[in-house]
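A.B. asks: Residue numbers (UniProt numbering), protein chains in the order written: chain A, 1 to 323; chain B, 1 to 323; chain C, 1 to 323; chain D, 1 to 323.
It should be emphasised that the hints constitute simulated quantities derived from the structure, not laboratory data. Check before you lean on any hint, since a few could be wrong.
Same chains, same label: a pair holds when it works inside one copy or across any pair of copies.
Once the Cα atoms are required to be at most 35 Å apart in a straight line, the calculated DSBU-like pairs of lysine-lysine come out as [claimed, not checked]:
id	residue 1	residue 2
1	Lys-38	Lys-226
2	Lys-180	Lys-159
3	Lys-63	Lys-114
4	Lys-21	Lys-180
5	Lys-21	Lys-138
6	Lys-38	Lys-203
7	Lys-180	Lys-138
8	Lys-21	Lys-114
Protein chains: 4
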Amino acid sequence: MTVQNNPRITEQLEAWVNENKGHAVLGTTAQYIPALGKVDPGKLGICMIDEDGHYYCAGDTDKEFTLQSISKALTFVALSCHYGLDFVLERVDVEPTGEAFNSIVPFEIHRPNKPFNPFINAGAITISSLLPGRNGQKKFEFLKGFLEELLGHPIEIDKEVYDSEWATSHRNRALAYYLKEANFLELEVEEALDIYISQCAIKISVKDLALLGLILAYDGYNPITKVKHFSEEIAQVTKVLMVTCGMYNSSGNFAAHVGIPAKSGVSGGIMAAVPPKLHSQTYEFRAGAGIGVYGPAIDVQGNSAAGTMMLRQISKEWDLSIF
Amino acid sequence: MTVQNNPRITEQLEAWVNENKGHAVLGTTAQYIPALGKVDPGKLGICMIDEDGHYYCAGDTDKEFTLQSISKALTFVALSCHYGLDFVLERVDVEPTGEAFNSIVPFEIHRPNKPFNPFINAGAITISSLLPGRNGQKKFEFLKGFLEELLGHPIEIDKEVYDSEWATSHRNRALAYYLKEANFLELEVEEALDIYISQCAIKISVKDLALLGLILAYDGYNPITKVKHFSEEIAQVTKVLMVTCGMYNSSGNFAAHVGIPAKSGVSGGIMAAVPPKLHSQTYEFRAGAGIGVYGPAIDVQGNSAAGTMMLRQISKEWDLSIF
Amino acid sequence: MTVQNNPRITEQLEAWVNENKGHAVLGTTAQYIPALGKVDPGKLGICMIDEDGHYYCAGDTDKEFTLQSISKALTFVALSCHYGLDFVLERVDVEPTGEAFNSIVPFEIHRPNKPFNPFINAGAITISSLLPGRNGQKKFEFLKGFLEELLGHPIEIDKEVYDSEWATSHRNRALAYYLKEANFLELEVEEALDIYISQCAIKISVKDLALLGLILAYDGYNPITKVKHFSEEIAQVTKVLMVTCGMYNSSGNFAAHVGIPAKSGVSGGIMAAVPPKLHSQTYEFRAGAGIGVYGPAIDVQGNSAAGTMMLRQISKEWDLSIF
Amino acid sequence: MTVQNNPRITEQLEAWVNENKGHAVLGTTAQYIPALGKVDPGKLGICMIDEDGHYYCAGDTDKEFTLQSISKALTFVALSCHYGLDFVLERVDVEPTGEAFNSIVPFEIHRPNKPFNPFINAGAITISSLLPGRNGQKKFEFLKGFLEELLGHPIEIDKEVYDSEWATSHRNRALAYYLKEANFLELEVEEALDIYISQCAIKISVKDLALLGLILAYDGYNPITKVKHFSEEIAQVTKVLMVTCGMYNSSGNFAAHVGIPAKSGVSGGIMAAVPPKLHSQTYEFRAGAGIGVYGPAIDVQGNSAAGTMMLRQISKEWDLSIF
């Protein structure tokens, strides 16, 4: 893989990073997870990768951060890959909900026979508990191996973030015990939470996110290594989820103003998949791309404040919306 | 406009109509609106139109029916066209909600400063009350004129359906008085409901729906008449709404399994917009299309039972998903 | 009936009025009903009546005000009187709810087969619609006649308050249409609301409220006129409702700190029934009493701010709690 | 203490036990706690005690059972006794809620600054965590000591029931983690649950319940031993809670039809406090009484089916209602 062969694109990205950096003041770092709360909220970085493997990077791209909710999309893919989409869709629905990502209300009111979707915490914890493996450790190792294969390099957990979240996740424990009572979990609560909090604490870079976005854009196929990692069907459902539920409770607004399937995390990361769009009149990225963004100041919905605004501008200028 | 120049496509559609007709037993006609409840639940028809104006029709395509909730998408377009998208998005949000289309719960719990989206009844009644015109009648005339211009022919209200809904819409009245208290309505409740129930009762055919779908697929442009009816921006937000909220509480499943922006109504109609997708390997409709479907037996979510299954098959076979 | 034969009691009441007057600053007059919003919030008055018909009055007792929610208790009695308690309890439950008096949420969530209790608006509007009479006017006349018989004098509606509430009761209309859809109402919505808003607008004095409280304390019997107006059973259920739901969402706190069955209204009135308590060590009112209070500055729950505090003091000093 | 000096009363109680035994078929033993689910649902027993220490017992009175939710009333008293009522009421409210005893919905919707009342699980677990003692074990020992002093004999935990509930209380764990996040608990979740589940598993007899009821009826005073255990104020608030929230979601109906402050548990036990009522025309128990009931078949609300019906009859016949 080579980095950036087209300096014009990189210059353009650098200009947009500078233009949007200031939007970080509209957000703040995630205060409820101490280890996340203390990072520099002013950072903003982006990497894009095209189908030939060229990376175009601008801003703060060297800092690693944790996957947080971005992991929800990847665990969904991993599980679907192993057991097939039908197995997964029998256990987690794919309907958006207007409630908060950690809400118990819709469960108690509607008593659904499965969580509403895999991108709310209830669905994500359920998905994690279902991963293949005879115990929590094996299940997490499966996920880790799957991601390492996609990325082509080893990954690690940020132990400080893990510890920080483990100690403060009363709300997730409440949710998980609720799921346990509903018989949605295949593991004991503490084991299921261990996987979930571990996957949230995986360290990642914007380059990694861009590559993952590209593989999703190419329906499970890595156009650089020519490896087919997962089926078109799994990729499509994942992108549907990214559009309808990927950006917490502003998914609708993100779809309306950006229109790129994306998944965000409270660390400030965003993974976006730009599918090919040959009929577009814009020259750049008509053959699709992957995007990784990092901007740790998050807005009230939980999305990178500056990152969201920057993607809005990029999508508009380069006509990247799927709509 | 000429009807069907490619007999192979029509034959294929006829085969799919026959294959999917039986799925009508999974639904029933809308019993809570007497005039809708008494139609033949076994009917199923489809029309597709391509960018050259060729129609491909199969099954029961001569029966007219009423727009019902499909009108919500059109009123949103009409209002946005007149006042601009910013004006509308200040007054109605574009976020999906997991609650029923006529639910009051999210309002009372969250006390939002605008309805969640224009495709739930709360948002739709609000939109209708905001249409240009100094009273209810003028406002409805504006909408009617807008639709007639899109369709190129006069439209009419089904008086029996209108009367039936007017007399039984206690729940919509409850909702509208709730909206009135929240200061969302520009009209008195009865006037706002009059427009809303009128727009639901507009008579339409699957050919009409196909044409409207085509104009949305072409971002507000009619490729046959070469008329630009509304902006790309309005079309895109409308398609986002169709994907995230267009099929009531199975919008997520429809997006996952069909992947075409669509809006349904409890009359059993569906309007779908197939955008161009030049990179698709399938020959048919790579340049986009509009689809109109009619199948009056609706499932528990409110969507045509047979129509939904048929679209699932068509989308898969012809690779029409935007995801 | 003679007024006050025991000057010591009246002096004591006057002292307590003066001590508690200042608590009015903890509340404000009901702003959402314009005609109520403009009265002097500083007023405070009380009347007590004993079983011999002696009145003990202090403070602002000459000003008439409107019944508002106090009417809910009286309509319940009137309806039960005519059709029997079983008839009524089949149509309205007697369970407290933690939700607001005008909430639609519990209906949509629990879909009960009857309103939770007759003291929330849903139950009260239902009760009003069920009153005997072949139309709304006859039904209201029945209620009016019933109250006049209890009070021994004609009553009138405050037309300004009626008009004010009629024009602004969007939320009650929303609720009533909801009830209509659930088939709880025996009348059309507008007719049912007319009775409900009329009963709320009935003019009353603290002396009247005291007498009504005494009749409830004496289980439907007026110890002065020796007339039995309604059954012990009806009186007891009414007092249960007063304890569990009579003071809106601070009924529990009122019961804990005052312990007297009472019903309040947003006009600032309170009707309280002090049952006989012969084992009490206090001399005053061991044979029971009725209490009427007026203090138009209401707290966030909707109860007279100064009136509630004054009743707390009186109950404590004279040991009037039923608990 | 002597057992029954008035054979007529005992005979009457025996007749009522026999008359009401059959109502057990309207309920079933608590299936969600395996150790409770397997007891004989047909049993029914009652003990009453008067102010002179005479017991009147009938039916199945020798079988011990567990306190379950009855313990909520006792823990509230114990905590109030030690820290004072003000301390407790700052940390738990006394308002009834229409939601289920283990509901999380009202917390998420209303975000109250304290649980609604100590008789829903949220309030009860909070109360237990606040008991005096530097850890969970000390806190439970405090409660145990308090109860043993009231009862005059040692008490024990039913280990099988404790184990059964500990293993299956996912929902209570969910609730407790929710409370932990809201900062309501003074202990770690597992420790707080340990006390709560221990108190629920305390073995008790109908004679014990009768004595506890008598002490509550006498406002914290044991008229037999002449010991004042707790203040009148604490007793009164406890009785208010018993009336408004003591019988789960049929507290209102129980108050309307029985009218005696009571607390039930899913084991089928009921503790009731009959205050003195000298003005009553009935001879029996005009000076007050305590009642203990056991009937393990519970209705959908969680109350002893036969026990509730029997108390309804007894209250009516002997005029025991406080209303």
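A.B. asks: The structure should be examined with respect to each hint, and the outcome stated for every one.
C.D. replies: Evaluation of the provided hints:
no.	hint	in the structure
1	Lys-38 with Lys-226	neither (40 Å within a copy, 56 Å between copies)
2	Lys-180 with Lys-159	both (26 Å within a copy, 24 Å between copies)
3	Lys-63 with Lys-114	neither (37 Å within a copy, 39 Å between copies)
4	Lys-21 with Lys-180	neither (42 Å within a copy, 37 Å between copies)
5	Lys-21 with Lys-138	neither (41 Å within a copy, 47 Å between copies)
6	Lys-38 with Lys-203	within (16 Å within a copy, 51 Å between copies)
7	Lys-180 with Lys-138	both (20 Å within a copy, 30 Å between copies)
8	Lys-21 with Lys-114	between (40 Å within a copy, 29 Å between copies)
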